[in-house]
Amino acid sequence: MSLRNFKIYRGDDERGELVSYQCEVSEGMVVLDVIHRIQADQANDLACRWNCKAGKCGSCSIEINGKPRLGCMTRMNEFEEDQTLTITPLKSFPVIRDIVTDVSWNYKQNEEITPFSPSEEDKKKGFVMMQKDVERVQEFRKCIECNLCQNMCHVIRDNEGKENFSGPRYMARLASLEMHPMDRADRIGDIKDKHGSGMCNITRCCTEVCPEGIQITDDAIIPLKERVVDRYYDPVMMLFRKIFSKKERDKTKSKVSSFLKMFF
Amino acid sequence: MLLKKNLLTDKLREDKWWISPMLVLFGLLSFVIYSTWAAWQGEHFWWSGGNEGFGGYLSPFYSPTVYIDPTKPGVPPMYHSLLGSWPEWLSWLPGQSPAWLILIFPLSFRFTCYYYRKAYYRAFSLNPPACAVQPIQGIPSKVSAITNGNINAFNSGNKYDGERGLLIFQNIHRYAMYFAVIFIFILSYDAFLAFFNDGRLGFGVGTFVLTLNPILLGCYTFGCHSIRHLVGGDLDCYSCSLYKDKVNHSSWKIVSFLNRRHQTFAWLSLVWVGLSDVYVRLVSMGIINDINTWGL
Ligand code: SF4
Ligand code: SF4
Ligand code: FES
Ligand code: FES
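One line per chain: the protein sequences are A and B, in this order. Using this note's numbering, you'd call the opening residue of the first sequence number 16 and step up by one each time. Using this note's numbering, you'd call the opening residue of the second sequence number 381 and step up by one each time.
Because the hints were derived from the structure by calculation, they are not lab data. Backbone N, C-alpha and C fix where the C-beta goes; we use that ideal spot for every residue, glycine too.
Distance windows between CB atoms, simulated:
1) A:K140 to B:F637: 28 to 36 Å
2) A:E29 to B:R640: 40 to 48 Å
3) B:F485 to A:D137: 44 to 52 Å
4) B:K624 to A:Y247: 25 to 33 Å
Here chain A stands alone, though its shape is the one from the complex (with noise of 0.2 Å):
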């Protein structure tokens, strides 16, 4: 047990203040702990967010000594016992109360995703799919909407990029849904304009900032920005996919496979 400091963001979206704070930790508790129990003896009315306490449902993202983290998966015996932690709302949304942010935004982000879309037949088939073909799209469905990556994008963050760019979660979901195999839908152009995904400059804080571990830059958005350069920027695939893509699907999928179908 150590009495330790802190300073928590008090206030609405227009003004607050960092209100300081002492509190007991005993061994094991998160910062998430720490806010609960300010809450229960000095502050009844901090208003804050949580559900799992496990990092599994995302609600308690925060930001920690300047840092975009879940509250409950961060635990005290990272900080020297002297420090003082300054405890502030995600920078990038409006603030409720306190140290709770209106997220909404990103969800509209989510809307404007062109939904799943196979084929006709396929549903009535049934999606059979292979283990490898499961493996890549996998990864981005860890993904538990804490919201981190959206506040720690610089795009979003500082550079009022809100208008143009839907943000890094919204890229993974992008990416999720242009390698399903069993998807028929093509958002190419639309992760061009609508979803911007040139405002990314690849600079990879989302991917630091993921607490389930998503390569976020290398694994969607880089394969993303890949796809964008085969449509609207290489002379040569743009020829190559008038001479052979099929016209179902103008996906840029094919074009190593078709090139080799021809003499197949």
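We have chain A already, so just place chain B with the ligands on it with the hints.
Chain B with the ligands in isolation, oriented as in the chain A frame:
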């Protein structure tokens, strides 16, 4: 009570976030300065102990040698030149150095590489300098506005445009990659050459240096995101045909393995290519002696 925007600044991050961009800045700048200097020299990029026969050490900065000015010290014998002796119309090139003619290829490859883009956007453009740290304002912000692709940087402030404005050229990366792959073969040939001196098989420290070079470069190049895309990343299904997709899937797996380590190989190969030039240069100038089996 203060305004929220004044309270929740990115100054809250207390750790030493600036170390990593500083190291990148230092590393890349040193390489640029050294390689420019080395390319400028136009001499002492070859060593064969004075022998004319097959074999010798060639600095990777100068490979392939398009033209050779045979009057200079430490240059390969004439048969090594792709197009003969130094032409009149190129006499204006600093140092009559053949390095200028080829450096554009590795340079454009690294410049548009997805890893290096991250590195220099953080360290040079400072947008963002580190995660959850505000883009730095002031003079660097003008520089960063330009490198961020804002054509009107000086008139209209610092609007971030990602890789859509000026930086749209980054999309040529795969073309730079095609050339880089050719260079792996050329440098492998140079490694082969380093096993010979005057037609005699053998090896020396330089052989080791010049052999490791294409290996590291290969690990870097074949971990490229564009290759990962082209060999199979562009497919949505790896089991929809009997055998063709299998080839795609296994090559995609191999490239993915290297791709995970892309940053490591980016630095290792960069440092090693520089060191290879330093080594050949020092041996060629006679400052150090190559230890080898030829007894030279
Ligand atoms: S890599 Fe792209 S999406 Fe991820 S944080 Fe950086 S700019 Fe945002
Ligand atoms: S991708 Fe990772 S950081 Fe982003 S919302 Fe999902 S779990 Fe959170
Ligand atoms: S409370 Fe569910 S992730 Fe923290
Ligand atoms: S992504 Fe780094 S070399 Fe292509």
